[in-house]
Amino acid sequence: MKGQMGIVLVFMLLIIGGVLAVVLYKAGSSTEAIETIEYHSFVNSLENHISVINKRPIGSRDRFSLAMPPTIRQVCFSANDDVYDLYSFPEVEAQKNFDIGATVFFEPREVFVPLQIKGFSTINNPLCVSVEKNKLNLNLESKGGSVEISAVTEQDVVPSSCGSLIYKGEDKLDLVFLNYGYETVSEFRSDVGRYFDGIFLDLEPYASYTDAYNVYVVDEEVDVCSISYLPTQYIKCDVTQLHKVAASCPHDYVFLLADINRLAGGEFIRSSSIGNLLKVNTADSSMLVVAHEFGHGFGKLTDEYVDSATYSRRVDVVENSPNCAEVPCDKWSGIAGTGCYPGCSLSSYNSPTENSIMGYYTRAGGDVYGPVNEKVLRDKLEVYS
Amino acid sequence: MRFFGFILLIFLFIIPISFAVPGPISVLDLSYEEGEIVLHERVEGFGYYPDRKAESGDATVEVMADGVVLYSTSFVPPFVEFLDGTSGDVSLGGVLVVDSFALVVPSFAGEDAIIIAGKGYTRSYDVGEKGSILLPLLLILAIVTILIILMIRISRR
Numbered sequence: 369m370k371g372q373m374g375i376v377l378v379f380m381l382l383i384i385g386g387v388l389a390v391v392l393y394k395a396g397s398s399t400e401a402i403e404t405i406e407y408h409s410f411v412n413s414l415e416n417h418i419s420v421i422n423k424r425p426i427g428s429r430d431r432f433s434l435a436m437p438p439t440i441r442q443v444c445f446s447a448n449d450d451v452y453d454l455y456s457f458p459e460v461e462a463q464k465n466f467d468i469g470a471t472v473f474f475e476p477r478e479v480f481v482p483l484q485i486k487g488f489s490t491i492n493n494p495l496c497v498s499v500e501k502n503k504l505n506l507n508l509e510s511k512g513g514s515v516e517i518s519a520v521t522e523q524d525v526v527p528s529s530c531g532s533l534i535y536k537g538e539d540k541l542d543l544v545f546l547n548y549g550y551e552t553v554s555e556f557r558s559d560v561g562r563y564f565d566g567i568f569l570d571l572e573p574y575a576s577y578t579d580a581y582n583v584y585v586v587d588e589e590v591d592v593c594s595i596s597y598l599p600t601q602y603i604k605c606d607v608t609q610l611h612k613v614a615a616s617c618p619h620d621y622v623f624l625l626a627d628i629n630r631l632a633g634g635e636f637i638r639s640s641s642i643g644n645l646l647k648v649n650t651a652d653s654s655m656l657v658v659a660h661e662f663g664h665g666f667g668k669l670t671d672e673y674v675d676s677a678t679y680s681r682r683v684d685v686v687e688n689s690p691n692c693a694e695v696p697c698d699k700w701s702g703i704a705g706t707g708c709y710p711g712c713s714l715s716s717y718n719s720p721t722e723n724s725i726m727g728y729y730t731r732a733g734g735d736v737y738g739p740v741n742e743k744v745l746r747d748k749l750e751v752y753s
Numbered sequence: 003m004r005f006f007g008f009i010l011l012i013f014l015f016i017i018p019i020s021f022a023v024p025g026p027i028s029v030l031d032l033s034y035e036e037g038e039i040v041l042h043e044r045v046e047g048f049g050y051y052p053d054r055k056a057e058s059g060d061a062t063v064e065v066m067a068d069g070v071v072l073y074s075t076s077f078v079p080p081f082v083e084f085l086d087g088t089s090g091d092v093s094l095g096g097v098l099v100v101d102s103f104a105l106v107v108p109s110f111a112g113e114d115a116i117i118i119a120g121k122g123y124t125r126s127y128d129v130g131e132k133g134s135i136l137l138p139l140l141l142i143l144a145i146v147t148i149l150i151i152l153m154i155r156i157s158r159r
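Line order of the protein sequences matches chains Z and F.
Taken in order, the first sequence gives residues 369 to 753; the numbers are from the numbering used here.
Taken in order, the second sequence gives residues 3 to 159; the numbers are from the numbering used here.
I should point out that these hints are in silico values taken from the structure, not numbers from a laboratory.
Heads up, the beta-carbon is just placed ideally off N, CA and C, and yes, glycines get one too.
Please note that the accuracy of each hint is not assured.
[Stated by the list, open to error] Subject to a maximum C-alpha distance of 25 Å in a straight line, what follows is the list of computed DSS-like cross-link-like pairs (lysine-lysine): (1) K121/F with K423/Z; (2) K423/Z with K55/F; (3) K121/F with K604/Z; (4) K121/F with K536/Z; (5) K121/F with K55/F; (6) K55/F with K464/Z; (7) K501/Z with K423/Z; (8) K511/Z with K121/F; (9) K464/Z with K423/Z; (10) K743/Z with K536/Z; (11) K55/F with K748/Z.
[What the hints assert, rightly or not] Partner residues are not named here, just some residues of chain Z that face chain F (Cβ under 10 Å, in silico): (12) Q442; (13) V544; (14) D620.
[Said to hold, decoys possible] Here are the computed distance ranges between Cβ atoms for each label pair: (15) V45/F with I491/Z: 44 to 52 Å; (16) G25/F with Y709/Z: 41 to 49 Å; (17) D747/Z with G37/F: 25 to 33 Å; (18) I491/Z with Y34/F: 52 to 60 Å; (19) R562/Z with E43/F: 31 to 39 Å; (20) S419/Z with G59/F: 14 to 22 Å; (21) L140/F with S594/Z: 29 to 37 Å; (22) K501/Z with E43/F: 46 to 54 Å; (23) E750/Z with G120/F: 24 to 32 Å; (24) G120/F with D591/Z: 28 to 36 Å; (25) S102/F with S419/Z: 19 to 27 Å; (26) Y709/Z with S76/F: 30 to 38 Å; (27) V45/F with Y709/Z: 26 to 34 Å.
Here chain Z stands alone, though its shape is the one from the complex:
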């Protein structure tokens, strides 16, 4: 009997061990995947920053804080071989001999391959800059034909916490993501990637303007918001202080990502949009809620579902919206694929399509904006393309 119990116990331990091994392996591979995305974002952003500063007049200087994968401790820049501080950084020397033509090196060296980025110079060769709180802080100065990279010193005034994830150039639409309630930075960054990819890279009309967006993150958790239950369940913030936090990054639109599962134990909390601020309940069962809120903020579109009880208090909001009209719906006459469908915020107004992202986005036909809303958004996106 005892022998049989022993065999069962060993068998159970083997199963538990196997499950643990699989879970750990999966967790490890997902962390690696996030790090790889962050690494590629860093490479693209660095190249874009160098390209933009290079086009500016000689002497133009700018400061950047680039988001880095957590495993990278130091980044070394070595653009040429002539003046070389061999004794200070023997590891860089070894890597340069191994990866011929490489100019940017990472420590620890085994995690990411060195890069062959051109168009920059450094006063010290190599220039090695430590990664502080997952950020690499650099000064870039135009030298006419090349860009001089230097480390940000303590004397430099840097907006404390901004990290650049994707940089496509100046005059682009700057999106900043703020962290509210996440347990770890990697979970927050993972959600930033999920929403940005899901909305701005996969959904029309945003997907047609993939070069129009700069993406920034503030990893430090904001402490100026709370979950409000009156008059309804939503995320309430001290907006003045929240905008001050967002101002540490270039920001045309601010996305506050709230880990509601941690903050409110899975209770139903609404996402919302006011001005250029979007507060997102990341536990919402549909990612399209972000597209819906961005439609409010960026497109100044109103809801195409009817909520007379609340909208009757601000009828002017519906009157002035580009996607709600009274019969005969002159606002969108001539746009193909549109009609005059009853109900748009108020029952006395009409929508251009039967359903859309601005309507019931979880129902049939709710996964696209429709011709009128797309046109409104495209016209605005053109400004940043």
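Model the placement of chain F on the given structure of chain Z, informed by the hints.
Just chain F, lined up with the frame of chain Z:
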């Protein structure tokens, strides 16, 4: 005075070129009173402000210095906060009528007024530094000192 105005105009042309660089900013805490936007508080900071390139509203904010407009932007004042959510197949929405909102604008050394305008109204707010009152006082003190010295010298003769 003209020279000062000229310098400010030069700054005005430089602003669009350098807006991407962090600098002094003001977060304006705005609220509605009888349908008009009023400045409740101004919080100073350092960082960036939105370009609002794709936004053309009927409200404007101007940052002024000595009668010269240093920065101007138009915006759509948010009267409501849109609320939305899905729980399974159930969609819950609606709006909350808001009585305040915030706006980030650049801040300048020497700025002395912020002007907020909407449909049919304009409100001006004095945001000049208290130190600027010292300037005329110092000038008067200097003139009085010179006059006293001159009087002493004349009386000695």
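Hints versus structure:
no. : hint                           : result
1   : K121/F with K423/Z             : violated, 42 Å
2   : K423/Z with K55/F              : holds, 22 Å
3   : K121/F with K604/Z             : violated, 29 Å
4   : K121/F with K536/Z             : violated, 37 Å
5   : K121/F with K55/F              : holds, 21 Å
6   : K55/F with K464/Z              : violated, 45 Å
7   : K501/Z with K423/Z             : violated, 30 Å
8   : K511/Z with K121/F             : violated, 48 Å
9   : K464/Z with K423/Z             : violated, 28 Å
10  : K743/Z with K536/Z             : holds, 23 Å
11  : K55/F with K748/Z              : holds, 8 Å
12  : Q442                           : violated, 25 Å
13  : V544                           : holds, 9 Å
14  : D620                           : holds, 5 Å
15  : V45/F with I491/Z: 44 to 52 Å  : violated, 38 Å
16  : G25/F with Y709/Z: 41 to 49 Å  : holds, 48 Å
17  : D747/Z with G37/F: 25 to 33 Å  : holds, 29 Å
18  : I491/Z with Y34/F: 52 to 60 Å  : holds, 54 Å
19  : R562/Z with E43/F: 31 to 39 Å  : holds, 36 Å
20  : S419/Z with G59/F: 14 to 22 Å  : violated, 34 Å
21  : L140/F with S594/Z: 29 to 37 Å : violated, 48 Å
22  : K501/Z with E43/F: 46 to 54 Å  : violated, 31 Å
23  : E750/Z with G120/F: 24 to 32 Å : holds, 28 Å
24  : G120/F with D591/Z: 28 to 36 Å : holds, 33 Å
25  : S102/F with S419/Z: 19 to 27 Å : violated, 41 Å
26  : Y709/Z with S76/F: 30 to 38 Å  : holds, 32 Å
27  : V45/F with Y709/Z: 26 to 34 Å  : violated, 44 Å
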